[in-house]
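Trainee: Here the protein sequences come in this chain order: A, B and C. For what it's worth, my numbering labels the leading residue of the first sequence as 107, then goes sequentially. For what it's worth, my numbering labels the leading residue of the second sequence as 29, then goes sequentially. For what it's worth, my numbering labels the leading residue of the third sequence as 6, then goes sequentially.
Since the hints were made in silico from the structure, they are not lab data. There's no promise every hint is true.
What the hints assert, rightly or not - Negatives, chain B to chain C, calculated, CB over 12 Å:
| id | residue |
| --- | --- |
| 1 | Ile77 |
| 2 | Thr87 |
| 3 | Val91 |
| 4 | Gly93 |
| 5 | Val94 |
| 6 | Ile184 |
| 7 | Ser191 |
Stated by the list, open to error - Below, a list of computed lysine to any residue pairs in the SDA-like style, where the Cα atoms sit at most 25 Å apart:
| id | chain 1 | residue 1 | chain 2 | residue 2 |
| --- | --- | --- | --- | --- |
| 8 | A | Lys275 | C | Ala47 |
| 9 | A | Lys542 | B | Gly140 |
| 10 | A | Lys199 | B | Ser174 |
| 11 | C | Lys70 | A | Lys275 |
| 12 | A | Lys275 | A | Gln343 |
| 13 | C | Lys269 | C | Thr202 |
| 14 | C | Lys28 | A | Gln400 |
| 15 | B | Lys178 | A | Gln343 |
| 16 | A | Lys406 | C | Ala47 |
| 17 | B | Lys50 | A | Asn339 |
| 18 | C | Lys608 | B | Asp139 |
| 19 | B | Lys50 | B | Gly70 |
| 20 | C | Lys644 | B | Ser191 |
| 21 | C | Lys204 | C | Asp288 |
| 22 | A | Lys542 | C | Thr202 |
| 23 | A | Lys320 | A | Gln343 |
| 24 | C | Lys609 | B | Lys50 |
| 25 | A | Lys124 | B | Ser191 |
Positions of the beta carbon are idealized from the N, C-alpha and C atoms, including for glycine.
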Amino acid sequence: MKIIVGQGSCGIAAGAGKIKAVLEQSVEGKYPIGITGCIGMCWLEPIVDVYDDNNNLHRYVKVSEDIAKAIAEAVLSSDFAKACEYEISDEDKLFLEKQTRIALRNCGIINPENIDEYVSVGGYSALKKVLSSMTQDDVINEIKASGLAGRGGAGFPTWFKWNAAKQSKGEEKYLICNADEGDPGAFMDRAVIESDPHSLIEGMLIGAYAIGAKEAVVYVRAEYPLAIIRLQNAIEQARNAGFVGENILGSGFTCDFRIKAGAGAFVCGEETALIESLEGSRGMPRLKPPFPAQEGYWHKPSNINNVETFANVAWIISNGGEAFSDMGTEDSKGTKVFALTGKVKRGGLVEIPMGKTLREVIFDIGGGIKEDKQFKAVQMGGPSGGCIPESLLDTVIDYKKLSATGAIMGSGGMVVMDESTCMVGMAKFFLDFTAKESCGKCVHCRIGTKRMQEILTRIVNGEGKDGDIELLEELCEAIKDGALCGLGQTAPNPVLTTIKYFRNEYEAHINNKKCPAKECTQLLTYEIDKDKCIGCTMCAKKCPVSAISGELKSAHSIDTAVCIKCGQCIANCKFGAISKN
Amino acid sequence: MCKCNCSDSNIDLNLLKPVLDKYSNVKGSLITILQNAQEIYGYLPTEVIYEVASATGNTPAKVMGVATFYTQFRFKPVGKYLIMLCQGTACHVNGSEMIAQTINEELGISDGETTDDGLFTLSCVACLGCCSLSPVMMINDETYGSLTPKKVREIIAELKSRS
Amino acid sequence: MEQIKITINGKECLCTENDYILKVAKDNGIEIPNLCDHESVAAFGACGVCAVEIIDDGNGKAIPKLMRACATKARNGYVVSIDSQRVLRSRKVALELLMSDHEGDCLGPCKLNCPAGTDVQKYLKQISNADYKGAVETIKQVIPIPASIGRICPHPCEQNCRRRFVDEPLSIAFLKSYAADKDLNGDTYIPQVKPDTGKNIAVIGGGPAGLTSAYYLRLMGHSVTVYDSMKKMGGMLRYGIPAYRLPKSILDKEISLIESLGVKLVNDVSVGKDITLEQLKADNDAVIVAVGAWKSMQMRVEGEGLEGVIGGIDFLRDISSGEAETPNLKGKKVAVCGGGNTAMDACRTAIRCGADEVYVIYRRTRSEMPAEDIEIEEAIEEGVDFKFLTNPSEIIGENGKVTQIKLQIMELGEPDASGRRSPVPVEGKFEYLPVDMVIMAIGQTINASGLDIIEKTKKGTISADLSTFRTSDEKIFAVGDATNKGASIAIEAIGEARKCADVVDSFLNGNIVGYRKPFVSRRKDEDVDFTSYEKKQRIAMPSRPADERKQDFNEVNLGFGDENKVISEAKRCLECGCHDYGDCKLIKYADGVGIENIRFTGKKNVAPVERKLVAIERNPSKCILCGLCVRICDDVAGKGILGFVGRGFSTVIKPEFDNPDTVSGCAGCRKCLDACPTGALKLIEY
C-alpha cells in the first residue's frame, strides 16, 4: 500500500499540503504518506494516488478534506469501493492516455525529493553509460541523431550548439541551464524541476561532459521558490551520491553545480541577457556575434539550453537518438511539452509527439472549451508568439508549420481563448507585458513597444483613430527589423497575428467603438431588462457610483452617463436582468 | 561612511556582514548579495546599497543600476503581507483584472502601493506558473488559486483578523 | 592581418576582418548615421540608426536581417547598402521613435517664427556680451538691412517669445536695431564676397526682397544688378514707411553697404517700359522678380472716382521718401479706411500734414486690428479718431470732390473658421461723416505690367513655386509681395529672398535645390515650467511726446541709449533653443532622413534639469539613452559615476542616486559631455 500526494506548486496552491496532513492524521501513522511532483492534471488538483496491495492505482482527484478522510477510511479498510466515487473519471483519464511522455517521464510518479526513486526508474544510468563508454563526439552524435532542438522556443539544433562550444578553444567552459521560464502562461520547466530535478541534472551533466565544461549553472527565476528548493536538494543528493562534483563515478570527469536565482526580468530568458545577469549585471542583451559558444559567461565558451531540452537528454542516451527521431515530423523530432491553459476544460501539462494537430491537443486531450463555448483562438509562444484562429486548428505541431501561421512553437505556452476574449485586448495584454519587460537598451524595443502599447490602449478605450492599424503594422515591421534581441524582434508577433486573423475586431473597436467580445469595458453599455428586473434593489445598493435608480419592486434603470462599467451590478443580480453590450 | 541622505537611521549594517563576508569576493555575486540583503531588511535601503557597493568594489551607480533593473528588488519597506498578483496570460484570460479591482476596492491600493496601516502591499508580478488555477495570487509564500472577488475578500478579511 | 575588400554603397574599401563596417565606412569617407557609437568604447548597438543591409555576404547571398554597422565585422566580399529603401525606412522609424521621446526645443520660438529664421537667441547672447559686431554678423546671415528692419518689423519673434509667460517678451526688434546702429556708426561688419563666378543676375525691384536676394547672391560671387523704377532704392521701406518710423538716412547707409559689396544699383528703369523682361532674361543667367505690391486695392463703393479719394500707398509714396513737398492738410478732415499698418502710417502721416481731423474707419473692433498695437496707441496719442465697427458704404461728393463718407454701422457676428468674429452690417443703420479726403488703405496688390511672360495666380500675383521660387519660366524666379498670396510684411519678403538666393545659386551651379523647412524638435509652451524665473520687466523704448512728434517727420523713437539697460534686456532671454543644435547628431539625422512630423507620438520620459556633475548640466528629457556617458565614465574615465536606472521605457541615466548634491567622484573631465550626441549634457557657464 502506497499513498502519494501530488505536491507541485499548483497542487500545493490547491491545498495539497493540507490534504497530506489530513491523510497523515487519518491513517494514524499506519502508512507513510509519500509525495510526488506534478502529474500535469492541474485542473484536478489536489490529487492523491493510492497503490493498493495488488499495485493497482486508485487516483483520487479534487480531493477535499472530507474526501481525504474517505480515502483514508478506504485505505484502512482496504475497501476501495468506499471511495470509488472520488476516483478520476474515464474521460479525464484520456488526458494522460493520449500523451507520450519523455521529458515528463517521471513527473507525478516519483518523489522528487528522493534520489533513490530517480535511480530506481533508471536514473543516472545514461550518465554512467556516457562516462564509461562514450567520447564527447559520441554524445554529440547521438544528440544529432535524435534531432533534438532547443525547446526554449527558437528550435536551434542542440548538437550544433554543443559542438560549437566543444570546439571553442579554452579550458574554462560553462554549461548553463536556462530555467528563467518567463512566458506568461507557461510552466513546463517549473513542473520538470519541481517533479523530476534529477533528470535535469543528469541531462546537464551529459551536456557538460560533451562540451567539456567543469561547471554547470542553473538560472532559475525567482518566482519559483519550490523549484529552487527541490533542485538545491537534488544537487546535494547527487553530490553525495557521487554524480556531481570531482571525478564523477571515477571517470575523471569533474563538474560542479550551482543555482543562480533570477531577480525578475523576462528579458533574462534571452541567452546573452541571462549571461549578463549571471555575472551580476543588468540583464541587457549583448550584441551577437560573438555567440555564447565563442564568448559567453565570463567571456568563456558557454552553452545554454533550457530545462526541457536537458530533460530529454538522458532518455535519448539510454534509448538511442533514433528512438527519439522516430517520433515527430520531417524537421521537428521527438516530443514537445505544452502548458495547456485558458478557456480549456482540461488544463495542464501535455507532452505529445511532434506532428499532432492543435485540434488534437485542445479538443482530444484538453477536452474542448469550458462551458462548451465557441473556440476563438489559441495563443502560442507567449509574448513572442501569436494567436492562431479556428481556421488553422488543423495545423500540425512542427516548428516550420507553426511559424508559417505567424505564431511560433515557443517554449510551450498554449493559452486557449473563447468567444469572450477580445483579441485586441489580447494584443494589448502582450504589449503591456513586453513594454514592461523591455530592458530599455535598444530604441526599437524601448520606445517602439511603448508606442504600440499606447496605440492598442487607445483602441481598446474606444479612442482609436483611422490609420492606427496601419501605424501598428508599420511599427511592427520596423521593430522586427531593428530590435537588438529576440524579445524585441518578436514583440510584434501578437499584434501582427491578431491583425492578420482578427482585423475585423480591430475595425469594430476603431470604427464602431464596439468590442465584439464584449470585454473592453470602455466600449460597453450596461442595461437592465425591464421584464426580468423584479426591483430587488440589490444592484442599486452595490453600485459604487449610484448610477442605478428605481423604486422597490419596480424595474430599475442605469444612468449610462454615470456608470463606470465596473460590473458589480451584473455580479450581484440574481435574476440575470442586467446585460452589457 | 554613508554619503546619502539617510532615510532610515535604524538600519543595522552589521546584519549584512555575514552576507558580504561570504559573497563579496565571489565574482558575479552582486544580485545574490542584494537578494540576501532584501531577505534581511525586507527591502533595499540606500545605506545598504552604498555598503554593498563599497564592499564589492562597485560604484553605487552600478549597484543601483542592477537593483533597479530587476522587479524583485524594492526600495521601500513593504507591508506585512505582500500580495503578489499574477499577471500571466491564463490569469488575464480568466479575469485577473477583476481581482486587482477587488483588492483595490478592499484595501485601496494599486500595484506597488502599501496600505496606510502597513499591513498589505500589492505587487503585480510576472506569471507565477500556476496557470491551471488562474487567476492566482501569492501572499508571502502561500499561493491562492481559482480566485473570485468573493474569495479574495474572504482571504483579506482572514488576514486582517489575524493581525 | 590579411587585407580584405568590401563594397559600401558602390565604393570598394580595403580593411581587415577585425574592422567594423561603420569604421570601414568612416575611414573611406562614407558617413553611416549612428548615435551610440564612439571610438573610445566598445560597440553597444542601442540606437539601431546605423543598421545597414548586406546585399551580398561575399557568397552571392544577402543577409536577411538588417545589421548594425557598429557591431558587424567586415567579411571579404560584403556588399553593403547604407541607403536602400529598407535601410532608410528602418532608420527613419528609429529616429522618429527617438524624437518621440525627446523633449526639447532645437530652436527658440523666436527663430522658428521669424519668417527669415533669424538666429535671435544667438545675437541676443552676443548683445548681452556687448559684441554688437558679432550680433550684426549673426543677423546679416539672413537680414542685410537690420537697422531698418529692427525699426519697422512687426516682430513675430516677440509675439512668440516665451518670456511672455514669465512677464513680457523681450524687445527683440529694437535690440536688433540698437546693435545695427552701433555697427553702422562704428566698426562696421563687412562680409566676405566670394570670388567672381562670372554669372550675371538681374533683380527687378530694389525693395527689401530685391536687395536681400542681391546681397546674398553677390556674397556668393555672382554679378548682380538691381533695377528699380523709382528714383532711389528701398522700395516700400522708402516709399511706404514714413520717415518718423524709419529715417531714410538709416536706409541709405544700409543700401550703400550693399552697393559697396559690388551690387549694381540702377534706378529709374521700368521693366516693360525702359527694358523688357525678355531682354533681362537674355542678358542674364537668372532673373529675380521682386517688384512688390504697389497698387492700392479698391473698396468697390460708389464715389471712389471722386477727387480727394486716394490709395494709401499713393498718399504715402512721396511724403515718406521726402522726395516731394509735404502737402498741407491744414483745415482738412481725412478718413483713412483700413486697420493695418498702412492705415496707421497714412493716418499718422495725415496728422503730420496738419489735418484737423483724421478718422480711421475700421469694420471690426480694436482687438481685431491687424496693425501693431503700439502703432494704434501712438496714433491715438497723436489725435487720430478711430471709428470702429463702421464700413464705408458710399463716398459722397459735390462737384466731383469728396464731401462726406457714408458709413455702414457694423456689429460682430459669430466667429468664422479662423476664430475671428466677422463683422455684419446692422441693417439700416448708417452714419455720415463730413470729410475732404478719403485714403483707402485696405490692402495692396501687384501691378503686373511688363511681366507678361510669366504666369500669374488667380489673384493676379506672380505664381512662384513655394520651394524653389521659380516662375513658369525656368530662368525667372520671383519673391516677396508680388508673388502667390500677395502682400505681407517686409521680413516675410526678406525671408523668401534669402532662401531664393540659395536656390538661384544652386540653379546656377547646375543642380537646383529647393528650400525645405528643416525638421526640429519643439516643446509645447504649456509643457514648459516658467515658475523658476524671476520676473524682470521689459525695457521700454523712449519716444518723443505726441504733441512734439506730430509736428514733424523725425523719428518718434529716441533709441535705448543706456547700454547697460540694453545688455540687461538681452540677458532676459530664456535661451529656449538648444545649445547643441548645430552639433546635435540626433536632429541632423532626423532631418536628414526626411522626418516631417512624428507619427508615433506618446508619453515622454521627462525629468527636470539637474546639476550633479562638475560643471555639467544634465537634461534627462533630452537624453536618448545611447549610454555613451555611462560607458565613457566607466571605461575611459574610470569613474563609473553614471549608471542606468530602471528598465524599459522608464530607464534613465543618473549619477548615483537621488542625492541632491554634486556627485563626489566626478573629476570634471567632461569626457561624457564631449561624447553626448544630443544636447542632454551642457557645460555650465559661470
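Trainee: Each hint: holds or not?
Mentor: Now for the hints, and whether the structure bears them out:
At the 12 Å boundary, the C-beta of Ile77/B falls inside the reach of chain C, the nearest C-beta of that chain being 8 Å off. The non-interface label for Thr87/B is inconsistent with chain C: the shortest C-beta to C-beta separation is roughly 4 Å, within 12 Å. For Val91/B, the non-interface assignment is contradicted: its Cβ lies about 8 Å from the closest Cβ of chain C, within the 12 Å cut-off. At roughly 4 Å from the closest C-beta of chain C, the C-beta of Gly93/B falls inside 12 Å, breaking its exclusion from the interface.
Distance check on Val94/B: its Cβ comes as close as 9 Å (rounded) to a Cβ of chain C, failing to clear the 12 Å threshold; non-interface status is violated. Every CB of chain C is more than 12 Å from the CB of Ile184/B (nearest about 30 Å), matching its label as outside the interface. Once the 12 Å rule is applied to beta carbons, Ser191/B is consistent with being away from chain C; the minimum gap is 33 Å. The hinted pair formed by Lys275/A and Ala47/C meets the criterion: a straight-line CA distance of about 23 Å does not exceed 25 Å.
Restraint check for Lys542/A and Gly140/B: satisfied, since their Cα atoms lie roughly 14 Å apart, inside the 25 Å limit. This hinted pair checks out: Lys199/A and Ser174/B have alpha carbons roughly 22 Å apart, not beyond 25 Å. For the hint pairing Lys70/C with Lys275/A, the CA-to-CA distance comes to about 29 Å; that exceeds 25 Å, so the pair is violated. Note on Lys275/A and Gln343/A: the hinted pairing is violated, with a Cα-Cα distance of about 33 Å set against a maximum of 25 Å.
The straight-line distance between the Cα atoms of Lys269/C and Thr202/C is roughly 16 Å, inside the 25 Å bound, and the hint therefore holds. Distance restraint check for Lys28/C and Gln400/A: the Cα-Cα separation of roughly 23 Å lies within the 25 Å cut-off, and the hinted pair is therefore satisfied. Simply put, Lys178/B and Gln343/A have alpha-carbon atoms about 44 Å apart, too far for the 25 Å limit, and the pair is violated. A distance of roughly 18 Å separates the Cα atoms of Lys406/A and Ala47/C; the hinted pair therefore holds under the 25 Å criterion.
Of the supplied pair hints, the one linking Lys50/B and Asn339/A holds, its CA atoms being roughly 21 Å apart against a limit of 25 Å. Between the alpha carbons of Lys608/C and Asp139/B the distance comes to roughly 20 Å, so the proposed pair stays at or under 25 Å and holds. For the suggested pair Lys50/B and Gly70/B, the alpha carbons sit about 20 Å apart, so the restraint of at most 25 Å is met. Of the pairs offered as hints, the one joining Lys644/C and Ser191/B is violated, with about 48 Å between alpha carbons and a cut-off of 25 Å exceeded.
For a cut-off of 25 Å, the pair hint linking Lys204/C to Asp288/C stands: about 10 Å separates their Cα positions. Only pairs whose Cα atoms come within 25 Å are accepted, and Lys542/A paired with Thr202/C is rejected, the gap being roughly 61 Å. Taken as a hint, the Lys320/A and Gln343/A pair is honoured in the structure, with Cα atoms around 19 Å apart against an allowance of 25 Å. For the hint linking Lys609/C to Lys50/B, the alpha-carbon distance of about 43 Å lies beyond 25 Å, and the restraint is violated.
For the given pair, Lys124/A sits about 22 Å from Ser191/B by alpha-carbon distance, which is consistent with the 25 Å threshold.
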